[in-house]
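> Sequence:
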Amino acid sequence: MSLTAALNNSISALSVNQAAIAVVSQNVANANNPDYSRKLASQEAVVAGNIRAGVKIGEIRRIINEFLIRDLRQTSTDLGRVDVQLPFVDRLQNFFGTPSSNDTLAGRLDRVFASFENAATIPHSTVARSEIIEAMTDMIREINELATQTQSIRHDVDQQILSEVTTINAALAQIVRLNAQIAVESAGTGDPSELLDLRDGQLKIIAERMPINVFEKSDGEITIFAGTGIALLEDRPRVLAYDPASVVTPQTIFNSIEVFNTDANGNAIGTGAFLEDEIPSGQLRGLLDLRDTALPDLSSGLGEFASRFADEVNRVHNNNTGFPPPNALVGSRNTGFTTTDAHNFTGQATFAVMDANNDISATVTVDFGAIGATIGDVITAVNAGLPGANGATLALTSGVMSFTATAGTDRVGIVQSTTAPSTRAGRGFAHFFGLNDLVSTTTSPFFDYGFTAGETHLFTGTSTFRVLDSDRQTVSTVTFDSGAAGATFGGLATSLTTALSPFATASLNATTGRFELTEASGFTVLASDDATANRAGTGLGLATMLGLGRDKVQQIATTTQVNPTIVATPTLLGIGQLQTTVGNRGITPGDSRGGLALAGVATTGISINAAGNLPAQTLTLTTYAGAVIADTARYAAQTQLQADSLEALFNGLDVKAKSISGVNVDEELANLILLQNAFAASARVISTVNQMFADLLSSVR
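Under our numbering, the first residue of the sequence shown is numbered 32, with each subsequent residue one higher.
You can take every hint at face value.
Derived lysine-lysine pairs resembling DSS-like cross-links, with alpha carbons at most 30 angstroms apart:
| id | residue 1 | residue 2 |
| --- | --- | --- |
| 1 | Lys-235 | Lys-687 |
| 2 | Lys-689 | Lys-248 |
| 3 | Lys-248 | Lys-687 |
| 4 | Lys-235 | Lys-248 |
| 5 | Lys-235 | Lys-689 |
Quick caveat, the hints were computed from the structure, so don't treat them as lab data. Being a predicted model, the structure only gives us computed values, none of them experimental.
Modelling step: build the complete structure from the supplied sequences, incorporating the hints.
Structure below.
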């Protein structure tokens with residue numbers, strides 16, 4: 032080998048070792064950078080013809096395991112689905128509390144029952160009545176607040192979806208820019224490794240939010256597909272769009288997340304593709320599941336509790352009487368019924384009139400099985416039995432029932448027969464029409480109306496039914512004309528089933544007379560009444576009156592209140608029950624029978640409808656309140672357990688990935704020593720060759 036060749040070899044070695052030392056220093060500098068992958072400068076021999084001409088840097092390689100990175104990316108997607116839910120679930124559990132706490136639904140319910148028991152021991156006490164009203168108000172305020180906060184969390188989750196979409200768009204824009212730079216570096220002699228690390232960091236951001244498939248092209252650029260097929264970045268960049276709801280209620284129908292093509296300025300163009308179906312996991316899926324499934328299920332359970340609480344307390348209170356009794360009993364809500372409807376009551380109830388001294392002046396006991404078939408016939412029977420100046424009038428006006436004494440100083444009351452109490456779908460006459468409700472609602476607290484298939488439904492006008500799939504996308508919108516449906520409730524069920532097929536079926540429960548919608552698996556039906564919807568002039572439409580759509584039960588939790596009339600006049604709170612013998616005192620301040628009956632609600636098994644995650648069952652109200660709280664706690668615990676499990680898996684994969692791509696400072700320092708020695712050796716060779724050249728030159732002289 033000539034001295035010139037030796038010199039060239041050594042110079043190339045110096046250059047290569049210098050570049051390798053620079054790579055090692057870059058590795059050490061990024062030792063604590065989690066998004067940095069270790070680099071290795073590979074060397075190649077330079078051959079000119081058959082003669083070796085030194086060395087050169089072949090490439091600067093990133094030390095990564097592509098398969099491990101793919102698994103890590105998938106695990107981060109799965110972890111993101113549950114991890115993003117945790118802050119919202121924690122908030123929810125803070126509101127609902129634990130079953131053992133006195134500040135929860137169950138604790139406040141215990142206080143209500145304690146106030147009933149106390150009033151039964153001192154029925155003449157106005158303080159005891161005030162304590163009931165205070166406990167009831169506190170209880171219902173808790174129900175209202177939980178319902179409101181649940182919808183508030185849904186609103187915040189919806190806003191978070193917009194934030195995640197914005198983050199994904201920013202990451203996609205960065206990848207578009209990096210793609211172009213990587214292609215330029217790859218086409219020349221540049222080093223794209225740092226750009227590849229930056230691009231992987233942006234891919235990580237997207238993968239945490241949705242599952243993605245990434246494909247690398249020959250020029251170093253990548254294409255990205257969401258889930259099972261929607262392109263996020265292909266020949267041209269895409270952009271995600273989402274418009275959140277300004278106000279969130281149980282009836283809110285949310286917009287979809289869509290993916291659009293973009294023009295040269297990055298603006299969305301064309302028709303968007305719906306994204307929800309393509310994202311089975313990731314933070315977006317976790318937020319969608321929380322907003323559209325978990326929270327509505329919890330709201331349904333709370334709404335069913337509010338319904339059962341109001342209905343059961345009212346069942347007892349409508350058989351009680353305040354002291355002194357009122358001049359009129361007026362229904363707390365529009366029932367939607369008319370005088371032509373079949374009354375469908377059995378058993379007996381006594382309607383009584385008392386004078387200013389609370390002495391019974393007149394009564395009529397109605398045997399519902401021995402009178403005409405309609406509500407109008409009931410009204411006729413009562414009014415005929417209580418005629419004249421000392422009588423009373425039963426009336427039904429725009430769906431509201433009332434029972435009013437003729438004389439302004441007289442008082443009225445209604446009490447069930449002790450041997451054959453009146454009943455329609457399990458509710459007595461006063462209870463069914465809410466004549467003496469303790470808990471009032473703007474919507475009906477129950478939908479078990481006791482209709483029969485052959486009755487005329489009397490609905491007119493249109494109602495809108497929106498069918499949502501499992502991703503809350505509207506798959507069908509049906510405008511249903513009640514007036515054009517079959518005339519009877521049976522015919523109405525048939526017509527509505529046909530209109531909603533194959534998404535839902537309508538039927539009339541033969542036991543309770545409840546008109547029911549049964550949704551097909553994976554579908555949700557929301558129903559609302561249009562302006563024309565009406566039932567025989569009462570103002571109630573089909574969906575509102577019959578409680579169609581699961582949102583109707585959820586609404587009950589926000590519409591309950593202690594009857595304002597009783598709050599204003601606590602003496603109307605019923606602690607006693609009527610004695611119906613004419614000439615005797617109708618009610619006395621020491622009568623505690625009503626208070627004992629109210630206290631007995633605590634131990635009464637109540638038929639609960641299926642709602643959310645809670646099945647149909649028979650429970651006490653206290654047990655059901657605990658079940659509602661426990662359902663929230665179960666969901667929180669399950670979410671935390673899944674997060675812990677996936678985090679452990681993610682951390683394990685991350686450790687393995689970092690053991691390959693991460694920087695070991697000790698190892699890099701060892702490599703640095705080797706490179707320093709090689710650099711010094713090459714320099715020594717150059718020095719020696721230089722000396723030899725000098726000796727040759729001096730010998731020539």
